[in-house]
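Student: These are the residues of each chain, in order.
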Amino acid sequence: MVRDVTLGQFMPGQSVVHKLDARTKLILLIAIIVFIFAATNYMSLLLITLASLLVVLLTRISFKMYLKSMKVILMVVLFTGIINLFYGSGEVLWEWQFIKITEGGINNAVFVTIRIATLVIISSVLTFTTSPSDLTDGLERLMKPLTVFHVKVHEIAMMMTIALRFIPVLLEETDKIMNAQKARGADMESGGIIKRVKALIPVLIPLFVSSFRRANDLAMAMECRCYNGGRGRTRMKVLRFSLNDLWALIYVLIIFAGVILCNIYFPATIR
Amino acid sequence: MSVIKVEELKLIYGAGTPFQKTAIDGVSFEIEQGEFLGIIGHTGSGKSTLVQLLNGLLRPTEGKICLNGKDIWEKPKKIREVRFKVGMVFQYPEYQLFEETVYKDIAFGPKNMGLSDEEIDERVRKAASFTGLGDEYLQRSPFDLSGGEKRRAAIAGVVSMDPDVLILDEPTAGLDPLGRDALLSQIKTYHDVRKNTVILVSHSMEDIARITDRILVMNKGRKVMLDTAANVFSRGEELEKIGLRVPQITKIMMLLRQKGIPVDTSVLTVEQGFNEILSLARSSV
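Going down the list, the sequences are from chains Y and L. The first sequence begins at 1 in the working numbering and counts up one residue at a time. The second sequence begins at 1 in the working numbering and counts up one residue at a time.
In isolation and in its complexed conformation, chain Y is listed as follows (with noise of 0.2 Å):
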């Protein structure tokens, strides 16, 4: 049920691509969406996604987990994909009352449709080979120069990385708790939509209750390591850009070479 969502989970391996810094990764990733939605014709989306598909061989994580990642947003796709069927101009090719498909509507939806799905693949990338704390390091590094601004960068980095950390440990509690509340007889199968919230109020209540308790005890646990907010404090692992960084960050280059020569050089399909 609800662990079975590969969608934003760590993967440990030994790739090139988990041994890239966090920074350059998020950083890559946020130009590589950026080229995505930059790309205008088939050319250079065919080019961005092969890419893509590049960097996910190389992650060595079987493209099945990637799939299982895609399942869960299927609907979003499979939505926005025939919406847009729908809306564009060009030649009509069918027509039904006030539903018209033109061609312009097919490239829309096809053209959507793997944009969303290249944008998936290439983010979970991200999220498969970088674990939680490196994510969360990386955003703190990059956000860093806000602190200008008065931006609270360390204490938002932490309340990230605590939550992911307890994401697993609250899923097992609401097992546990869901099935002590069966064998005392709670329904939690069957009944309609209002029954149905009321059969979890026995579940959540108990969850708020142990979260707060939980959250009592770290930030106890916290203080009597003395923690107190990001100022003087080191790290046990310091983010260090290598080679690698700077060869994938010659590879993202080229790729935005390539998008930009394509669209400049072919009619775009989408408008």
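Simulated from the structure, these hints should not be mistaken for lab results. Where a beta carbon is used, it is the ideal one built from N, C-alpha and C, also for glycine. Where hints are given, some of them may not hold.
Said to hold, decoys possible - PhoX-like, lysine-lysine: derived pairs with alpha carbons at most 25 Å apart: (1) Lys75(L) x Lys195(Y); (2) Lys68(Y) x Lys21(L); (3) Lys111(L) x Lys195(Y).
Stated by the list, open to error - Covered stretches of chain Y, as calculated for chain L (at least 3 residues, CB under 8 Å): (4) 175 to 181; (5) 184 to 198; (6) 204 to 218.
To be verified - Ranges of calculated distance between the beta carbons of each label pair, as one might list FRET restraints: (7) His154(Y) x Gly14(L): 32 to 42 Å; (8) Thr22(L) x Asp187(Y): 24 to 34 Å; (9) Ile201(Y) x Ala173(L): 20 to 30 Å; (10) Ile12(L) x Glu155(Y): 36 to 46 Å; (11) Leu74(Y) x Gly14(L): 22 to 32 Å; (12) Lys220(L) x Asp187(Y): 30 to 40 Å.
Got chain Y sorted already, so can you dock chain L onto it with the hints?
Tutor: Okay, now just chain L, sitting in the frame of chain Y:
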């Protein structure tokens, strides 16, 4: 007649995935009506999984569980009835309290059974007094109670369903010695008065030996032994191989025996051991 009969029970988690794990592997046994059974095993031996199978929270991959002669998974829609008949108290049950008052929380189970208000009231009061909570507790919020009191309230919440079989999974975990002894003797009293079947899961040999009739020893999802405490402890070496320890006093008796002193090795408590040694000393003088 046996109240629970388990035949060739097998449970595989995550079958077909790389995480496949056999949690219970071909376990068969019978529990008699009114028996007090202890289940003991190392962490991860499958004892908690086994008891969750017994009340239908988990569905076995293979094998059969019969309650009063009827397969509990015969009609999967009726599994709730099984859960009312086989009451289950989980580890750290105090974390399942959720109502505004202790009274309402204890009444949750009987209410789900669809009983009348008078019947519920009677059961709640009976269950509370069984676990040593007086009437003055019933209108308090369960979140204001102490740890030990919370646990009693949670156990009362299962006892109030008046199950034919009561299962307690590590009921004394995290309690101080006094609280532990009090709780165990209350469970014993419950068993003596109601004449119901009770199953106690624990990894403390001392606790289990003192109050149960028979002990089921589990290891790696398999049944290793099912016998009386004295017989189980007489196989002390096997127990130690699977990471369990016989009670200290029994161990002492075994060592004495090895040294050639003819003591009874089925001794379970310090008091019995004391008397045994004393009588031996007297007779040899």
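Student: Work down the list of hints and note, for each, if the structure agrees.
Tutor: Now the hints, each set against the structure:
Taken as a hint, the Lys75(L) and Lys195(Y) pair is honoured in the structure, with Cα atoms around 23 Å apart against an allowance of 25 Å. A hinted pair counts as satisfied when its Cα atoms are at most 25 Å apart, and Lys68(Y) with Lys21(L) qualifies at roughly 22 Å. Of the pairs offered as hints, the one joining Lys111(L) and Lys195(Y) holds, with about 15 Å between alpha carbons and a cut-off of 25 Å not exceeded. Counting residues of the stretch 175 to 181 of chain Y whose CB lies closer than 8 Å to any CB of chain L gives 5, which reaches the minimum of 3, so the coverage claim holds.
Judged by the Cβ-Cβ criterion of 8 Å, the stretch 184 to 198 of chain Y is covered by chain L as claimed, because 4 of its residues qualify and three suffice. Given a C-beta distance limit of less than 8 Å, the hint that chain L covers the stretch 204 to 218 of chain Y holds, as 4 residues qualify and 3 suffice. The beta-carbon spacing between His154(Y) and Gly14(L), approximately 39 Å, falls within the hinted interval of 32 to 42 Å. Between Thr22(L) and Asp187(Y) the C-beta distance comes to about 31 Å, which sits within the given range of 24 to 34 Å.
At roughly 27 Å, the beta carbons of Ile201(Y) and Ala173(L) sit within the given window of 20 to 30 Å. A hinted range of 36 to 46 Å for the beta carbons of Ile12(L) and Glu155(Y) is consistent with their spacing of about 45 Å. Judged by the Cβ atoms, the range 22 to 32 Å given for Leu74(Y) and Gly14(L) holds: they are separated by roughly 23 Å. A beta carbon spacing of about 35 Å between Lys220(L) and Asp187(Y) agrees with the range 30 to 40 Å that was offered as a hint.
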